[in-house]
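> Spelled out, the chains give:
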Amino acid sequence: MNRIFQKPDNAIQWFDPRGRQLGYLAFILNRITGMGLALYLLLHLIMLGKLAQGPQAYNSFIETVHHPVFLFGELLVIFAALIHGLNGFRIILNSFGIGVEKHKPLFTVLMIVTLLCGIYFAVRMIAR
Amino acid sequence: MDKPKAVIIGAGFTGCATAHDLALRGFDVTVVERGPIANGASGRTHGLLHSGGRYAVDDQEAAIECIEENLLLRRLAAECLEQNGGLFVALNESDLEYAHRWTQSCERCNIPVEQVDIKQALVWEPNLTPKILAAYTIPDATFDPLRLALTFAATAQANGARFRLFTEVEGLIERNGKIQGVRCQDRTTGKSSELYADCVINASGAWAGKIAQMAGDTTIVVKPTPGVMVAYDQRLCNRVINRLNEPGDGDIIVPQRRMVVIGTTSFEVDEVDYIPVFEDQVQMMRDCAIQLIPAVAAARQRGAFMAARPLIGSSTSGRSIARTFKCFDHQETHGIGGLVTITGGKATTLRAMAEKTADTVCAKLGITASCQTREYPLRSYREFRGNDAYH
Amino acid sequence: MSQKWSLNIEVQRQKGQEQPHFDRFDLEISPDATVLDAVEMIWAFKDCSLCFGHACHHSTCGACGMRVNGVEKLTCITLIGDVTQNGGTIRLQPLRNLPVVSDLVVDLTPLYHRMAQVKHPSVHPIEENKGVANQQTAQQGESDNSYTRLADCIECGLCISVCPAAMTSPAYVGPAALAGAHLAGVIDQQICAIVDTKNGVWRCHSAYECSEVCPSHVQPAHRIMQMRRQLLSQRIRRFFGLQTFHQRKQ
Amino acid sequence: MMNSRKMITGEGSGLWLLKAFSGALLVIILAIHLVVNHLVYEGGVMSWQDVVAYYQNPVIAGMEAVFLISVTAHALLGLRGILLDLQPSDAMLAWINRLCTVIGIAAIIYGLWLLLTVASFG
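Residue numbers (our numbering), protein chains in the order written: chain A, 1 to 128; chain B, 1001 to 1391; chain C, 2001 to 2250; chain D, 3001 to 3122.
These are computed hints drawn from the structure, not numbers from a lab. Heads up, some of the hints might be wrong.
[As the list claims (entries may be wrong)] 27 Å max Cα-Cα, derived DSSO-like pairs, lysine-lysine:
hint, chain 1, residue 1, chain 2, residue 2
1, B, LYS1210, C, LYS2046
2, C, LYS2046, B, LYS1191
3, B, LYS1210, B, LYS1005
Same shape as in the complex, but just chain A (with noise of 0.2 Å):
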């Protein structure tokens, strides 16, 4: 009787997609993308330490960040922007009672978006 099932445990579940729709896709997107571009910012801000350092230290340091791993990474972080930042305008509109009804296809058109600009800045990537 007195077994309670929310615990922090629990926290893994939050990911589990089976059985859900669409809004809850969402939600594990946005809460996955929300960690990654959080770590990124960290990652982000003392990379640009370089930038004090001088030319020398900058520039080298952008070289390394040239090799195709860390492009792909810098892909990843575009995508994950670019999901985080058009469902995060989804909530903010939803949570001021606008398009509520039409929580789902305002997802899927705005991950349509999503893809478009994803692809194209991957295009224009691998094109340099």
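Once you have looked at the hints, place chains B, C and D on chain A.
Relative to the frame of chain A, chains B, C and D by itself:
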């Protein structure tokens, strides 16, 4: 001074209401229920708070009980009720003939019935068939079955009663020709225990015969009389719509939340743990309901269910059995002490049944305490604290 | 008429302090029967120790919510044919985020208490919910405000079971009670102290899953969003020194 | 009964609004950022010299400062929101709040210092 102890078997309408009544009379009450609250016939009702109109012609005793309790519950349990009244409507000549007898009977039973203009009835209930020949208003209402039981349980609990849910009675403890208590198993843990009481009250509805048999009394025959009810996913009326004729299959449409529930058929069974819903009956009820409200034809079926009314036995067929409840002191019927059985009745009369049972128990134990449930305000069903099994 | 299907039903069991595990039952049942019928048949014919919640069997009481193949359902109105196929499996689990009493039963009383706190009306005038039955009479100008009906929310707990915020945080007021507060109409100070907090509407992550599983037209997520709008506009009005919704009510 | 000039509001709505506004701001600034860096400046801002030159523009430097503050606030509020879901005790929450404040202020000071330093190279 020790409180007299009572164990009630069954947490349906009767069990919960009896717990409330006895708790108010100063009893130490424990309710033992093998499932959750109102899981048997109590839960599976169309939720009609009878005005008594349905019984006025054939069973005036039941009709009078109904209207009295109806008026009381409107005041006491408003939280669980849609108090929109009801209509009795006539569709053919035979209905109109019946109407005359019916209005007279209602008058005799003090049921306020008023004939209304057909046009007015159709304004109130635009989905009603325009073919109606006459319409009468009557103080029917709709209740939420679980919440009605819970509101009594919550009040009983607030006054000290304990509810041991998911606890099945395995046997009665008998010594020197007197029932001393019950042996029961907590189904949530599998552990058995014994509960002692000055009086055991058998309020197990359709299963009352089985409990009585545990005490060796085979004289009580409960005829489980199931009926099919069908819920549709649109609220097609705001008042309860009754067919103005002899009680029959599919003669009532009860609005509830955003649904209507069509009731009901009536037949007899021997085994009551599982009764299937018969598809042909569902179809037949739908056809009957369409006669009253044609829009039912376009509504989607939301659920169909079956409940075994615990009617008091005789050899005649189900529907004509008197629906008034009966309270047996097994001392009188079979020389067994410490056991009272309450059975029969209907949801609308739950409080009256409890009063009668508590009277019987008090008389049996030589306790003078009068019934307070007519006036005592009921608590919100939301105050029910759940299972007291581990106290 | 309808042919019976043979199914494999997996039921999560838990007695006392033991760890949850699954029991399997073979069952012959019509696809037109409900999942609750299947559970009741298992109890009646296969294993009488099975505990499950149920009362009204027609979606008005909210006692029979379970997870059916991982999705929250009110089992009394969920048809077998809609959740599996002949020869298939149905996996039954109790709702999450509520205390488990035993097997498939959860204790719904914490939810009832929250609904009382937010003053969710169990019965309300019919007009308060637009678009219900009475439309036609309203058009005829004969609308009768005196009709009441039982509220949409049947307090079944399905929305709590799917809510990601409720999954880890018992203090979260939860979708049902937040929607209940919205239905209560006026957000008075007492309700405000419950809903306009970090454990209230602002905790919601807009996963909308509560609205997806709600069997009873409540759409809790939508109501939470509406309430956010109300609270925000109230806040903005106050910021600009305008009358709040509240003060106008006085 | 409701003499509610001062209504009881939890901390919820204020911080939520902050998160929403900073989020909205980020979407706008990021959009400008992406357009400028990837469409106007062909090839993107890459070398040290480019970056320093880029920050010479006061509008851009100002925008970057706003971006820095919003993104820090938004990220920390977001993380705090996730931690709130994990049901911290009141004492724990107080520590989370302090930690978030300290990290936020530190990050903003560091970022602004960096911005000014880089801009001063020019």
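> None of the hints should be skipped; say for each whether it holds.
For each hint, the structure was consulted:
no. : hint                     : in the structure
1   : LYS1210(B) to LYS2046(C) : 20 Å, holds
2   : LYS2046(C) to LYS1191(B) : 20 Å, holds
3   : LYS1210(B) to LYS1005(B) : 23 Å, holds
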